[in-house]
Amino acid sequence: MRMKTIINIVIIAIIALITLFPLYWLIITSLKSYTEIYANPPYLYPPNPTLQYYIEALYKFYGLKYLTNSLVIAVTNAAISTLASLLAAYAVSRFNFRGKDNLFFTFVSMRMAPPAIFAVAYYYIFCRTLGLRDNILALIILYNVFNIPIAIWLLLSALEAIPKDLDAVAQLEGLSHFKILFRIHVPIIKGTVAVSYLLTFLNAFNEYLFASFITSTEARTITTALQGMITVAGVYWSQMAALGVLSALPGIIIAVIARRYLVTGLTMGMV
Amino acid sequence: MLPLMVEVRLENVTHIYVTEKGLKTVALDDVSITFPSGKITGVLGPSGCGKTTMLKIIAGLLRPTKGKVYFDDKDVTDLDPQKRNVAMVFQFPVAYDMSVYDNIAFPLRIRGVPKDIIHRKVMEIVDILGIDRNILNKNAKGADPGLRQKIAVARAIVRDADVLLLDEPLTNLEPLVRIELKTKLKEITQKMKITTIYVTHDQAEVLTLAERIAVMNIGKIIQYDETTRVYEYPIHEFVGYFIGNPGMNYIECSLNEEKSVLECKGFEYTLNRNEVEVLVKYGKEFKLGIRPEHIIIDESKSDKGIKGKISLVERIGTAFLYHVEIAKETTIIAKTYKQIGLREGDTISITLPKDKVRIFDKKTGYRILP
Ligand SMILES: Nc1ncnc2c1ncn2[C@@H]1O[C@H](COP(=O)(O)OP(=O)(O)OP(=O)(O)O)[C@@H](O)[C@H]1O
Ligand SMILES: [Mg+2]
Numbered sequence: 000m001r002m003k004t005i006i007n008i009v010i011i012a013i014i015a016l017i018t019l020f021p022l023y024w025l026i027i028t029s030l031k032s033y034t035e036i037y038a039n040p041p042y043l044y045p046p047n048p049t050l051q052y053y054i055e056a057l058y059k060f061y062g063l064k065y066l067t068n069s070l071v072i073a074v075t076n077a078a079i080s081t082l083a084s085l086l087a088a089y090a091v092s093r094f095n096f097r098g099k100d101n102l103f104f105t106f107v108s109m110r111m112a113p114p115a116i117f118a119v120a121y122y123y124i125f126c127r128t129l130g131l132r133d134n135i136l137a138l139i140i141l142y143n144v145f146n147i148p149i150a151i152w153l154l155l156s157a158l159e160a161i162p163k164d165l166d167a168v169a170q171l172e173g174l175s176h177f178k179i180l181f182r183i184h185v186p187i188i189k190g191t192v193a194v195s196y197l198l199t200f201l202n203a204f205n206e207y208l209f210a211s212f213i214t215s216t217e218a219r220t221i222t223t224a225l226q227g228m229i230t231v232a233g234v235y236w237s238q239m240a241a242l243g244v245l246s247a248l249p250g251i252i253i254a255v256i257a258r259r260y261l262v263t264g265l266t267m268g269m270v
Numbered sequence: 000m001l002p003l004m005v006e007v008r009l010e011n012v013t014h015i016y017v018t019e020k021g022l023k024t025v026a027l028d029d030v031s032i033t034f035p036s037g038k039i040t041g042v043l044g045p046s047g048c049g050k051t052t053m054l055k056i057i058a059g060l061l062r063p064t065k066g067k068v069y070f071d072d073k074d075v076t077d078l079d080p081q082k083r084n085v086a087m088v089f090q091f092p093v094a095y096d097m098s099v100y101d102n103i104a105f106p107l108r109i110r111g112v113p114k115d116i117i118h119r120k121v122m123e124i125v126d127i128l129g130i131d132r133n134i135l136n137k138n139a140k141g142a143d144p145g146l147r148q149k150i151a152v153a154r155a156i157v158r159d160a161d162v163l164l165l166d167e168p169l170t171n172l173e174p175l176v177r178i179e180l181k182t183k184l185k186e187i188t189q190k191m192k193i194t195t196i197y198v199t200h201d202q203a204e205v206l207t208l209a210e211r212i213a214v215m216n217i218g219k220i221i222q223y224d225e226t227t228r229v230y231e232y233p234i235h236e237f238v239g240y241f242i243g244n245p246g247m248n249y250i251e252c253s254l255n256e257e258k259s260v261l262e263c264k265g266f267e268y269t270l271n272r273n274e275v276e277v278l279v280k281y282g283k284e285f286k287l288g289i290r291p292e293h294i295i296i297d298e299s300k301s302d303k304g305i306k307g308k309i310s311l312v313e314r315i316g317t318a319f320l321y322h323v324e325i326a327k328e329t330t331i332i333a334k335t336y337k338q339i340g341l342r343e344g345d346t347i348s349i350t351l352p353k354d355k356v357r358i359f360d361k362k363t364g365y366r367i368l369p
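Chains as they are written, first to last, in numbering that gives the first Met the number 0: chain A, 0 to 270; chain B, 0 to 369.
Isolated chain B (complex conformation) (with noise of 0.2 Å):
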């Protein structure tokens, strides 16, 4: 059996969870997002934004307090989990008291399936998973994250599931099992065509799986667009910091008295007609945002530029992060995958181009340019 591409569909859906003291809060706030059939998307947000409380209301673990769930065309909001065919994996993974085998069976034996396909089934996600053929026979109770994670994995997708809930499966994990993880359920997922939502607070994770990519904060929906266009035009400050590694940088700004650039701390940036007449309709008060990859650092030491002062070099994978002092208490961290020959202390001339520059209103936190 294929597994059926659903679309998910959520239709104002609020969250409130009342603890046994009557105090309340607020999961979810008026959610409406749909997850199209047969593709990854990504759901990013920090920590107690609601990724999990949507998952379970998706998988029909919980009742929304108000709003519906759709898949496809049919309102599953009042539908029992077992009656929902999803599969979901949970951050701290859970195994059942049984073998290795078992456990990946078990879905499969519930479900009355012959015992040869059954068979053939468990060991090809097995393979497919690289779980050593030797321990099958183990019990699961015992095994280490790494392993009972993958199993979990195994049992939700051993039995094609319509919808693939993925609630942060790697964030428990040690960072080497965490990388082969990924990788394999990048394979997986590409191959099943199987709606699926991929939740983590890790973007690295999720920005090389998914197309889409929804951000959350605070039980609402910030953004929700393909991961380009995320990374490229955040929709909200919060979105450009959040989204990247390490994220945007902010540079307060206000617009001068005669209304032709931006001062802003340690530099000008030179603002052409159709710019102003935006900006003028919000006020004075700006933030100028750039990505730290995105800053051109200029080696030939010429006049033009921003000056600054090297405060910090550290270095994240295979990239460097040079933290530039442009102005008292101003940092904007600059980052290059090239060697350059600066350290700490040295001056420093960097540029903004001025096709990645984002222009956001201080007020409320929105992009307005471009």
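The shape of chain A in the complex, shown without the other chains (with noise of 0.2 Å):
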């Protein structure tokens, strides 16, 4: 018994180890000079702490502008994503109607082709037909495309465990839909729409691809400023590690705050 618990501490702490190295790296570089990061052997720790790259990476490189776009987007995008896949996944799972079926297999299939071939159509849609090239407005739009699956997921399956007479009370009370969706559902599922906010919030935080053909300049967000600071004078590291920290934060922070809630969320989904 008590050897057991030993070896699975020192797997925990391996495991720990192995995926908060890295995190400690990018941490202490981004408290590093240039010369410090090259020097031999690699210094453990930063000798000269200073948060001068971080400010360098915020206002001379635009991090502070970068990141506020990615927000932005996120926290929009999240919001429409999570209220639309309420309303249809409320749909799906109270109403019959044609295709219900394989409307769901529609969304699902959608996730299982590699992202990179939808790629060229979303450029010609977004940046010709709709003229949004370089606008936050058509990365607010395009990650519903990937967002919107996913929170129809896991919030379909959380309405499917209400329980129907529970709107058979509800509508003889004289609500209507919208009503028995936003007064009587959600308050039931709210860890569930909480967790559907944050994850699809992630998603459209850390979004690399969509986001590097469709934004340049205006429109850039964090993830795709970070390549940006690879130029020909040299690779920015200590600045680049602290955008890095930044970007990083928001997943961090949600991980660590609605750690409770998105395990019972997620297991929730997955039935």
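If you are wondering where the hints come from, they were derived from the structure by calculation, not from laboratory data. Just to be clear, a hint being listed does not mean it is correct.
EDC-like cross-link-like pairs, simulated, lysine to aspartate or glutamate; straight-line CA separation at most 20 Å [said to hold, decoys possible]:
id: 1; chain 1: A; residue 1: K178; chain 2: B; residue 2: D101
id: 2; chain 1: B; residue 1: K192; chain 2: B; residue 2: E6
id: 3; chain 1: A; residue 1: K189; chain 2: B; residue 2: D101
id: 4; chain 1: A; residue 1: K163; chain 2: B; residue 2: E276
id: 5; chain 1: B; residue 1: K283; chain 2: B; residue 2: E343
id: 6; chain 1: B; residue 1: K140; chain 2: A; residue 2: E159
id: 7; chain 1: B; residue 1: K362; chain 2: B; residue 2: E276
Hints given; two lone chains; assemble the complex.
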């Protein structure tokens, strides 16, 4: 028994080390100067920690602007896709209509192809047809494509778990379908709604591929900005690491705050 | 606002469920019935006979495949449930994810009733149902089934609906809670004078509550009458068996050659001329029915009566059930509240009072006499 706990702790420690070490390296890199980074043997800690590179990353390299772009896109897109998915999931769960079963398969199957194969089509649609090149609106709309199926999948199983008799009672009490969804169901599944919002937020915030070819300067997001720091004049490692830390922050914060929610919400979705 | 007293009428209502695979279930088969306004009517029937389906059609949650639903003279067949002013309490108690108080107040808030009136009404109902005032601020989600069902009942009656539908409201509750809520329901429904339909498959529940009952089986109303008449004069073998605890005893009989007595397993039952005249029209095979509580146990051990051996003695509540084997493979149950000094294996003598004996057609199961 004793032995088992020790082994468990060792395994957990190794896993933690493997996952956390790159993060640690990123953080100390953001606090080191160019020469310190290339020092041999490498420093395992920042010898002269400074926030200078953060300031440079945010202002000189427009990190603040890109970060704001990413946040605006993620906040808005997560809200839209969660709301739309809530309505869709309610419809799928509560109404009978033609093609209902296939609809869901369509959503899911779209996720099976590698996203890159849609890139050309999306570029054409958003940049040419809609004229939204380098516009955050394009990404806010585009991210629904992969966020809505995920959110529907999560919310649908939560809604399915609510007894239909509850709707019946509410209907008899005079509630419209909108009111049933927002006043009766949403309070019950608020945990899953929160998970759905957070996951779609992270998806949007972390997205790289589409952002890289739809945006260039104005609408640039933080993930694509990182790449922009590899210039002909050299790689600004410290500033890049600083920006990297900042872009990792939302994920880390969400994971810490919503740890419990995420686990229950996700397992609920899995049925 | 006092509830309007509404008479609920179903006219030739048929309901067929079609599953995704195209399987059809006829849940209601040409049902016509009128539920009188301001009264409690019981609906009884075995599981799957279409009781819930009927309530859902009355509530507007289902559109009948065929037929019409009227509230008084108004055709409501196509009216949305939101517009019918019907309240329904379901078999599995459901409560919203909010405090107990908010749950009960909710239907009034939706209607924009002033706060002070809401408070007065909620507290009134809370007290009637015996809900602890201290738990009103707790969330109803975690409440036990008994409390959840009380909340559901409270929510249904707080808003003065025209029609109250109770779908097996006690079935999933613990025995003690069940008795408590049953008493409360009786008080409330008698005071409210609201058209109430009480569905159950437990007849003991409904016999004390309802003046009239409808007995259903496989999508049809078999008998609809005053409770005492249904009990005394079951129209069909099924009703006699289903109503009563335990149900009616049936003994197979045939008319003898001389057409003077019914030869039953274990005894003979004498008939008068009028009875014979009626019976011969139906052939020779019959079933004699008698309720366990109507059988007279002869304690004087005299020679008359039907002799049998006690094969089992059971207790239900305060009553004793004597299973009496009067012939091979023919056992009838006698129910008595008196303690009598007889045990399993003893011989017993019983008589069947003539005014309580019912005779059914063996082929169709319908009652012939009286
Ligand atoms: N949604 C449905 N789809 C298909 N068949 C159904 C559906 N609901 C009920 N049925 C069938 O219709 C018949 C009547 O069902 P209903 O629920 O009305 O019976 P019930 O008398 O209320 O039974 P119980 O006492 O078990 O509640 C049953 O055979 C049932 O299997
Ligand atoms: Mg039912």
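Here's how the hints hold up against the structure:
With a CA separation close to 16 Å, the supplied pair K178(A) and D101(B) stays within the 20 Å bound. Distance check on the hinted pair: K192(B) and E6(B) sit about 12 Å apart at the alpha-carbon level, within 20 Å; holds. A distance of roughly 18 Å separates the Cα atoms of K189(A) and D101(B); the hinted pair therefore holds under the 20 Å criterion. At most 20 Å may separate the alpha-carbon atoms for a hinted pair to count; K163(A) and E276(B) exceed this at roughly 56 Å.
Proximity of K283(B) to E343(B) is assessed by CA-CA distance (about 35 Å); at most 20 Å being required, the pair is judged violated. Pair hint K140(B) plus E159(A) holds up; C-alpha atoms about 17 Å apart against a cutoff of 20 Å. Among the hinted pairs, K362(B) with E276(B) is consistent with the structure: their alpha-carbon atoms are about 18 Å apart, no more than 20 Å.
Checked against the numbered hints above, the structure breaks hints 4, 5 and satisfies the rest.
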